[in-house]
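Asks: Each chain is listed here by its residues.
There are 4 protein chains.
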Amino acid sequence: MDFTLTAEQRDLQQRVRDFIADTIIPLEQDPRCGAHGPSEDLRRELIAKAKAAGLLSAHVSPEYGGLGLDHRSKAVFFEEAGYSPLGPVALNIAAPDEGNMHMLEAIATEEQKERWLRPLAAGEIRSCFCMTEPDPGAGSDPSMLQTTARQVGDEFLINGRKWFITGAEGATLGIIMAKLEDGRATMFLADMNSPGIRIERTMDALDSCFPGGHCVVSFDNLRVPASAILGELGEGFKYAQVRLSPARLTHCMRWLGQARRCHDVASRYAARRMAFGKALGQHEGVGFMLADNELDMHSARLSIWHTAWILDQGHLGTHESSMAKVIASEATWRVADRSVQVLGGQGVTGETIVARIFSDMRAFRIYDGPSEVHRWSLAKRIFKRNSA
Amino acid sequence: MDFTLTAEQRDLQQRVRDFIADTIIPLEQDPRCGAHGPSEDLRRELIAKAKAAGLLSAHVSPEYGGLGLDHRSKAVFFEEAGYSPLGPVALNIAAPDEGNMHMLEAIATEEQKERWLRPLAAGEIRSCFCMTEPDPGAGSDPSMLQTTARQVGDEFLINGRKWFITGAEGATLGIIMAKLEDGRATMFLADMNSPGIRIERTMDALDSCFPGGHCVVSFDNLRVPASAILGELGEGFKYAQVRLSPARLTHCMRWLGQARRCHDVASRYAARRMAFGKALGQHEGVGFMLADNELDMHSARLSIWHTAWILDQGHLGTHESSMAKVIASEATWRVADRSVQVLGGQGVTGETIVARIFSDMRAFRIYDGPSEVHRWSLAKRIFKRNSA
Amino acid sequence: MDFTLTAEQRDLQQRVRDFIADTIIPLEQDPRCGAHGPSEDLRRELIAKAKAAGLLSAHVSPEYGGLGLDHRSKAVFFEEAGYSPLGPVALNIAAPDEGNMHMLEAIATEEQKERWLRPLAAGEIRSCFCMTEPDPGAGSDPSMLQTTARQVGDEFLINGRKWFITGAEGATLGIIMAKLEDGRATMFLADMNSPGIRIERTMDALDSCFPGGHCVVSFDNLRVPASAILGELGEGFKYAQVRLSPARLTHCMRWLGQARRCHDVASRYAARRMAFGKALGQHEGVGFMLADNELDMHSARLSIWHTAWILDQGHLGTHESSMAKVIASEATWRVADRSVQVLGGQGVTGETIVARIFSDMRAFRIYDGPSEVHRWSLAKRIFKRNSA
Amino acid sequence: MDFTLTAEQRDLQQRVRDFIADTIIPLEQDPRCGAHGPSEDLRRELIAKAKAAGLLSAHVSPEYGGLGLDHRSKAVFFEEAGYSPLGPVALNIAAPDEGNMHMLEAIATEEQKERWLRPLAAGEIRSCFCMTEPDPGAGSDPSMLQTTARQVGDEFLINGRKWFITGAEGATLGIIMAKLEDGRATMFLADMNSPGIRIERTMDALDSCFPGGHCVVSFDNLRVPASAILGELGEGFKYAQVRLSPARLTHCMRWLGQARRCHDVASRYAARRMAFGKALGQHEGVGFMLADNELDMHSARLSIWHTAWILDQGHLGTHESSMAKVIASEATWRVADRSVQVLGGQGVTGETIVARIFSDMRAFRIYDGPSEVHRWSLAKRIFKRNSA
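Heads up: the protein sequence lines correspond to chains A, B, C and D, in order.
Residues 4 to 391 in the numbering used here are what the first sequence spells out, letter by letter.
Residues 4 to 391 in the numbering used here are what the second sequence spells out, letter by letter.
Residues 4 to 391 in the numbering used here are what the third sequence spells out, letter by letter.
Residues 4 to 391 in the numbering used here are what the fourth sequence spells out, letter by letter.
Any given hint could turn out to be false.
[What the hints assert, rightly or not] No more than 30 Å apart at the CA atoms, straight line, and that leaves these computed lysine-lysine pairs for DSSO-like:
no. : chain 1 : residue 1 : chain 2 : residue 2
1   : C       : 281       : D       : 383
2   : D       : 281       : B       : 281
3   : D       : 387       : C       : 387
4   : C       : 281       : B       : 387
5   : B       : 383       : D       : 383
6   : B       : 281       : C       : 387
7   : B       : 387       : A       : 281
8   : A       : 383       : C       : 387
9   : A       : 281       : B       : 383
10  : D       : 281       : A       : 281
11  : B       : 387       : B       : 241
12  : C       : 241       : C       : 52
13  : A       : 383       : D       : 281
14  : A       : 383       : C       : 383
15  : C       : 116       : C       : 241
16  : B       : 383       : C       : 281
Hints are computed from structural coordinates only; laboratory data are not their basis.
Please read these numbers as outputs of a predicted model, since none were measured by experiment.
If we strip away everything but chain A, and leave its shape as in the complex, we get:
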């Protein structure tokens, strides 16, 4: 066992750290950061800066324009990127595009990659992942899928309604999960501007970090050709897993960066702000909170690194990525919450970035599997292991 970063990892770490500090953080107050994420205009400006810095799409292979990092290097890189809410968007490693690119690279045909992956990796277009449905459809339980894909000659007719579709507004590519007539799930690639796709509305949401916000999207006799099938017919759930395990982990990496940002802001404030005769941070009650922040970030980071290593060995890492998701999502949330508390009035207002990160982060304990679903998966494996 060895916790040393490679020279390349240390170099990337420093470069991203500097890029975020020098180039991205100054843009955080840009008025183009709206309730539904940075505007397309701002996003393109950010992408251009990252491209100039040679830091674009770190998870994509060089063949498609990225840096081709393995999971462990991503752990280092993405944490730095997450230090600003704008960082992942700038570096083109934000959800859902990052996971979509990963899945396309793993599963898509060469033709599909040229059409969708290449411009995605260049940050020219955005994508969305249309899986979650309104009640009584697919949520945490994907088997409840309601959207249908009926084969009509060479084409498929897709009908249904999706919900909480991040980034749909403004996306060019939609990856749509639908149920075949035989009940098996399949993913289709579609141009979001196709007739038959309608963005009903953009939802109000606690977070504001995802370009395009979260949308309700309906498919009304959307026609897609057989060439739009992603991978094999009927293998939709399997591919969702291919997407999910690493996508879940990259979420952890990015949010760890945001937690560290909160902690740094709170720590600096606590070192400076006086109350009751000494600096806030010299009060044990406050100091303990900051110590707990470091303990939480340490646990989150180590579990992320460990799972990244598992994935780099070629394993699926389902158990480990569930553990990392629960540990990291709950630990980073506590960090954000404590940072708000240490900051007091500063923490619940826009005076610092912390309130924004706090609001952005709440959904992290829910998406890519709520803590409860992961705990239940872990429990089922423990039960099975002990029932033999």
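Once you've looked at the hints, dock chains B, C and D against the given chain A.
Replies: Just chains B, C and D now, kept in the frame of chain A:
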């Protein structure tokens, strides 16, 4: 010991509950509910409805147009009012006006009451409490007060800067805490439209339930006459305590109502929404969260009732109101957080009222004394008691 | 709502407090306090002292030699009694006798009461409640009952094995839950010295406060007459409920007293012991723990009082007593644990009484329904209420 | 970063695992396991078995009869050893001997090593570390040291009283921390059978895993020669740090093993025991607890490994070992506590090993620095880092 509600309390409870359900909840999606609270227009409409229902200003004595409830009856009434984020505003029992009215009734001269309390109790004007200052001024530690009041003849010249002043925008009355030349603190009543008062800006904030939002206010040679002194010269901190102990408790009451709302929304969703073969609420993992919600609300309610009883005995209840503040603010927060979690995607979006309450509620663990300050007060009393 | 203690309650509170302080605490280091509870010899000595003080069997009606307290008065009395681990035994209000007496008084025939209740209430004999069975028998789920009662003529033949039977060693009365041939459960009263009853062994246990410890008891063709049936045939589970709801609450009362003892010992130590330049209790980190102790005890006490009031209204209080059990058992545990932590080395050794209470208390989160069973009961009720 | 175990580590892991399972666990119910730890007789028998298995004194260099493991290999080895409460004693890696040997090897003269280290490493003698004192002496704050060492000619006269001295009864070597006349602390090596050393008593304690228990030891004009000084005169606190940082970490390793044992026992029970129609472990409420156990053990293990790696780089690792201590001691405690809860009545009695581990483990959150002291150390470093 007896936990029976009086017939009058039960009657008020039902009337407020019906009023909220029938009249206020339908207005929650009104577009006039903005980022900085309901508009003045909407507020006046809400007040009119409450007045028509005979439920206005329950904490103010009948002499000044209220219902004259004691603290225990307020506990019942305010919890029901809090069931909607708009409820306290409608019933004219929202912070900071509620606490300001309470303090005016306890301390102000007859003339001051006629000028300020009467229109406040009628919901015709709003008020703000100008105490908190930006770093390095008064926050949790009021002794760090920077704003000064210099006597010049019959007048006082007030200079300084306040921060996180809830409801300042649109308020008619400002209650300003300032330091005399001898260092003692004094409260002054001022018309917010006076020359010398400037609202620098309205702050971005996590919450959106307070009309007027939270503002930065500066005083630049504000002139007030001696008749504007609230109570005795130099007794500002004592009066702040008169305001704080009950104001802290009414916060607890209102937020308990909001927590119950979150819990009800989540419980109903959990009873209906299917996942993995049964209703969400039939999963122990979810059911336990809802059970914990009830345990938390029960503890919060009992500690509120207990402190209300202490206050009704004429005691200051400093120790008890600190306990109630910590218990209720932390318990209701956990309820809101669990409700978000149970609701999943619904919880982090505007699909239900829960996300809004969740955002509104975060500051409650901070204002009127953060949990840490109350714990420290309790600890000091424990230490003293055991050191004798 | 009113939290005032009656004059009688205040008087009893003071008398028990004095009795514990003056008479019982000095006996805590008595060598007759063994691993399986105080010896019968010590117990009789304690009972004699309580009798002399006029404080024996507070929960039993005066007709049978007790003080006839209602539930609310018991809440006050039992908390004081619990301030010493020996207090409940001395005052003859310890589990399981206290609950057994309560049930006998509610259900037994006059003849049964004379034979069993009267000497129990006088502290002359002890009793045990034989319900729990070893795997795969009745534990948290009473429906898994394995012990059988077969009617043979006028008699019943009882066969089975019980486990974790508190106080069996040395008990004169055994209340035995068994399953009839038709599957219904029934309770029988038996002399523990009957042929057919064998105490297999006394179990090692974390606690050492119950006279007789916890035993494994087997019934091998135990013969009991029909007159030994408690109440109606086949109503065993119903009566278990009659016993459980108040028995659960009296547990809460007694353990609250023990928690307060831990807190007092820790608070005094923290006020005296120096570390890093000031008293332990002047360190916020320690002071916050003591503050949390008071918050936890406050919540526990209020929920106990509330449930006692419910029971005094003649209600079963199943929901409320579940809430009180979870709140009180978890809160008092945290108090004991924090007190150990504050005391450091003193806390984990026999230097103070706290380590003993800590060990004694752990099982409280398990018996009379583990927290998980109560949470699930609460959850089912919430689900049902919201599914209508 | 790499989490791979070396072939040697995997081999040792398996060998220790087998040794514990086959040889040590069967002895756990040996009646020679008393309230103050295994008897000397049993200890020697255990040592003989470990020696035969070639697994003795893994942390000592081969030169002195050990396996010479680095910190990372110890992390693997000690966790396996800790799977039984008797394991560390058998393998001669239990506290306090293990830390004492480590310190002797690092600091002692060759002569001192031959006299003390060699027989210690062979398991022929035991040692104790005499640092902690009764109030008002040295506890968490070592600067409060009261025991004095006065130089008289070539000798030192030691006077004072120590407390909570683990293993003193039966120890041959005592390492005594005392204050010189100039106030500097120094460590002395003494034969515990020397005139002037008296073991006043063995304390009652929650734990029962340390041979010799915890004792009160007094020094009354104990005479030691200058050759008994460990290292340099006046450097006692520095050496205590040399001992503490790794000693703290080996504690974490061993206790992690014990936590895993608890979890395994509870998991197997949960997979088998039925309640309410299914296995306990199939209830989410129970399954979540077991999942949390795995999350906690994962975090503990990763933080231990990380700190071991830091120490293997030659760093002191003060910050990291503080983090590992807090994370591991609190996580393993939660694991033990949840395991008790899952086991119900089995958990609070001697029916399984879990109750014993639970009692043994409580002190771990206190010794080698209570969580509060570590949090405060972390906080001070955070403050300093942010104040620059």
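Asks: Determine for every hint whether it applies to the structure shown.
Replies: The hints, checked one at a time:
no.	hint	in the structure
1	C:281 to D:383	17 Å, holds
2	D:281 to B:281	16 Å, holds
3	D:387 to C:387	55 Å, violated
4	C:281 to B:387	14 Å, holds
5	B:383 to D:383	22 Å, holds
6	B:281 to C:387	14 Å, holds
7	B:387 to A:281	21 Å, holds
8	A:383 to C:387	27 Å, holds
9	A:281 to B:383	17 Å, holds
10	D:281 to A:281	57 Å, violated
11	B:387 to B:241	22 Å, holds
12	C:241 to C:52	36 Å, violated
13	A:383 to D:281	13 Å, holds
14	A:383 to C:383	22 Å, holds
15	C:116 to C:241	19 Å, holds
16	B:383 to C:281	13 Å, holds
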